[in-house]
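Undergrad: The task is simple: from the sequences and hints, build the whole structure.
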Amino acid sequence: MVMKKKRIKSQKTGKAMEKITRVFELPSEILGRSRMVLSGNSDLFIENHGGICKYTPTEICVKVPELLVCVRGAGLLLKALGKENLIIFGEIGEIIFEPERKDVC
Amino acid sequence: MLTDRICDLFCGYMVVVAEGLGPERLMNLCNQNGISLRDVKRITYTELRLRLSFAGYRKLKKLADSQKYKLHLKKSGGIPLKIIRAKKRIAILPAAVFLVFALFVASTFVWDVKYSGFDAVNPFEVRELLENMGLKTGAKKDSINREAAEKAVMENFDGLAWVNIYFMGTELNIQVVEADQPEKMVEDTGVRDLVAQKDGYITELRVYAGTLRVTEGQTVRAGQVLISGDITAGGALIGQGAARGEVFAQTTYVGVASKPLMQIVAQKTGSVYNMKYIRLGGRLYSLTREMPAYKEYVAEVQRVTVVGENMPVFFKIYDVLISETMKASVPADKKALSAELEETAYNQALAGGVDPDDITGVNVVAAQSDTDMKILVIIEATEEISQAQDR
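Those sequence lines, one after another, are chains A and B.
Taking the numbering used here, the leading residue of the first sequence gets 1, the next gets one more, and so forth.
Taking the numbering used here, the leading residue of the second sequence gets 1001, the next gets one more, and so forth.
Be a bit skeptical, because a hint or two may be false.
[As the list claims (entries may be wrong)] Interface residues of chain A toward chain B, partial, derived using beta-carbon atoms under 7 Å:
no.: 1; residue: Tyr-55
no.: 2; residue: Gly-73
no.: 3; residue: Gly-75
no.: 4; residue: Leu-77
no.: 5; residue: Lys-83
no.: 6; residue: Ile-95
[Said to hold, decoys possible] When the alpha-carbon atoms are kept at most 25 Å apart in a straight line, the in silico DSS-like pairs for lysine-lysine are as follows:
no.: 7; chain 1: B; residue 1: Lys-1059; chain 2: A; residue 2: Lys-83
no.: 8; chain 1: B; residue 1: Lys-1062; chain 2: A; residue 2: Lys-54
no.: 9; chain 1: B; residue 1: Lys-1074; chain 2: B; residue 2: Lys-1114
no.: 10; chain 1: B; residue 1: Lys-1062; chain 2: B; residue 2: Lys-1074
no.: 11; chain 1: B; residue 1: Lys-1041; chain 2: A; residue 2: Lys-83
No lab work stands behind these hints, which were simulated from the structure alone.
Computed from a predicted structure; not experimentally measured.
Glycine included, every Cβ here is placed at the ideal spot set by N, Cα and C.
TA: Right, here's the structure in full:
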């Protein structure tokens, strides 16, 4: 019961913060969301990631807050993997945003 | 990319292959432990090739041991690693120190002496003087008194305007600037006339001193006085001196060449004989029997075979074609003969002493009789013909 109340409270706070950022046109990073920069179809820069869920030369799944980003393509490799950001390099075919999945991560 | 390479150089890098189940887990563990990975590539299902810093490698090693991953070091580089390796080589530091010391000691001596700017002054004399003062190869740089050497050179050699002795590393440079010597004034007191050194038709006259004896448009002969050294006033002789002036005249030079129209040439009879010779140690030996007794013949080398080239001992074999000839009278090629005669006649005319720059025209006259061809070349020139002659 207490947990449910806490969750409802945090959801309300999150919505309020979202409204504030929208009204004041603040960058959405302050909400703790990740930022992604795609250069052509070869470089994908992801900031504020939560770890690697799957890594093969054809698919890399990265956990970001509230989402799972799956990058599919050919010859994919992690050019850099830091604590907060990573760079995926290769021939990127598609990027799929999925809700967090327990079977993958 | 460049920043990565610079970072690799200064921080050191390792390329390792991590082996174990679920490499993603290892990557996330690295992430949590603050180990930055680069160029992460999945080689096989259980192998992951990654590049990381030297500090990161140490952390990863501990992590891999605890998580039962195997690490295989594939490549490493960078300054920190080199330092670590160098630490193991105890002789390197003393050797480096010795090298620096040896360089320092070597740089305190003169290794070479260079002289520049010498033209009229003999550099060997300067060298001798400076060597006596200790400025030579092998001398210690501290022992050289450059100011005193400069002063000594200046005092001993009159023809120098400036001397600079300086070091460029271990090289001693002696640089001089020679003084411009004024031309010697020669007092001209003799009585002298200007005479024509060759026949010509006078086109221009310039008199600086003396009395003019010819006029423009006059034809003069070699040896004729053009400007005399007499100084006159109102027709009366008041003194004598050296005549000075310039006399330009049109001159001609003639060259003649002739040759018969029929020429005697050696004509091959068709009788040939092949000879083989071998050259061994500077001597020529015949490999075939003696050639037939031709009265006249020409020999042509058809082929040279080198046996044992690039070897300490080698020899050459010559294939020679001997063709019998006999003299025959044949008509000459008139065009070629004319060109040949023209060239001969022109060179003959030039040999008269004309400066090619003074030539104003060339005339060619060709004459042909039944037996001969004759070419006459007349070179026209305008030149200065006066020549001083003591009276």
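Undergrad: Now tell me, hint by hint, if it's right for this structure.
TA: Results for each hint:
{"no.": "1", "hint": "Tyr-55", "result": "5 Å, holds"}
{"no.": "2", "hint": "Gly-73", "result": "14 Å, violated"}
{"no.": "3", "hint": "Gly-75", "result": "9 Å, violated"}
{"no.": "4", "hint": "Leu-77", "result": "5 Å, holds"}
{"no.": "5", "hint": "Lys-83", "result": "6 Å, holds"}
{"no.": "6", "hint": "Ile-95", "result": "19 Å, violated"}
{"no.": "7", "hint": "Lys-1059/B with Lys-83/A", "result": "14 Å, holds"}
{"no.": "8", "hint": "Lys-1062/B with Lys-54/A", "result": "24 Å, holds"}
{"no.": "9", "hint": "Lys-1074/B with Lys-1114/B", "result": "54 Å, violated"}
{"no.": "10", "hint": "Lys-1062/B with Lys-1074/B", "result": "18 Å, holds"}
{"no.": "11", "hint": "Lys-1041/B with Lys-83/A", "result": "18 Å, holds"}
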